[in-house]
Amino acid sequence: SLLLQGYQVAPLGKQSEITKPESRVLVYSASWGAFSTSYVEGTFYKDANGLVHLEGLVSKSGGDGIPAANNVIGTLPEGYRPVRKLIFPVATGQAFAAGTIQLEVNGDITWQSGNVGETDFTSLSGILFLPRIAGQTSL
Numbered sequence: 001s002l003l004l005q006g007y008q009v010a011p012l013g014k015q016s017e018i019t020k021p022e023s024r025v026l027v028y029s030a031s032w033g034a035f036s037t038s039y040v041e042g043t044f045y046k047d048a049n050g051l052v053h054l055e056g057l058v059s060k061s062g063g064d065g066i067p068a069a070n071n072v073i074g075t076l077p078e079g080y081r082p083v084r085k086l087i088f089p090v091a092t093g094q095a096f097a098a099g100t101i102q103l104e105v106n107g108d109i110t111w112q113s114g115n116v117g118e119t120d121f122t123s124l125s126g127i128l129f130l131p132r133i134a135g136q137t138s139l
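If you use my numbering, the sequence shown corresponds to residues 1 to 139, in order.
Keep in mind that a hint or two might mislead.
[As the list claims (entries may be wrong)] In silico SDA-like cross-links for lysine to any residue, where the CA-CA straight-line distance does not exceed 25 Å:
# : residue 1 : residue 2
1 : K85       : N71
2 : K85       : A97
3 : K20       : Y80
4 : K20       : A97
5 : K20       : N71
6 : K46       : G79
Since the hints were made in silico from the structure, they are not lab data.
Whenever a hint applies, use it, and build me the whole structure from the sequences.
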């Protein structure tokens, strides 16, 4: 079999079968949730190479619905957390403005920036990283 962007590709006669590892639904903080049932909700999985992938659209549902810097979207469990803080560019709603998401060593996924007054979605899709291995300390 062959690995293609984290997906397992197994030969199947003249065709190949591609399987994606099973995704887990993100446990959201109290004021965040899935953007819409029409889209993939916030999920994560670890591929065959050990990389953690985040996917889906999330939205702040509590308060005024407008995210602010350091709002915790959700928390990744042990085994899916980075060794050090990481920051990623992401797409946000309302004219598809760019924003940033930060991953903390404790597993928190924090909203850092985006379109001012953005009450639409924040995309987690495309975020991938190597997680901390049990017993590993920060570099």
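Tested hints:
For the given pair, K85 sits about 15 Å from N71 by alpha-carbon distance, which is consistent with the 25 Å threshold. Between K85 and A97 the alpha-carbon distance is near 23 Å, which keeps this suggested pair within the 25 Å criterion. As the CA atoms of K20 and Y80 are separated by approximately 17 Å, the hinted pair is consistent with the 25 Å bound. For the hint pairing K20 with A97, the CA-to-CA distance comes to about 29 Å; that exceeds 25 Å, so the pair is violated.
Only pairs whose Cα atoms come within 25 Å are accepted, and K20 paired with N71 is rejected, the gap being roughly 30 Å. In summary, the hint linking K46 to G79 is supported, as the alpha carbons are separated by about 9 Å, within the 25 Å threshold.
When held up to the earlier numbered hints, the structure conflicts with 4 and 5 and fits the remainder.
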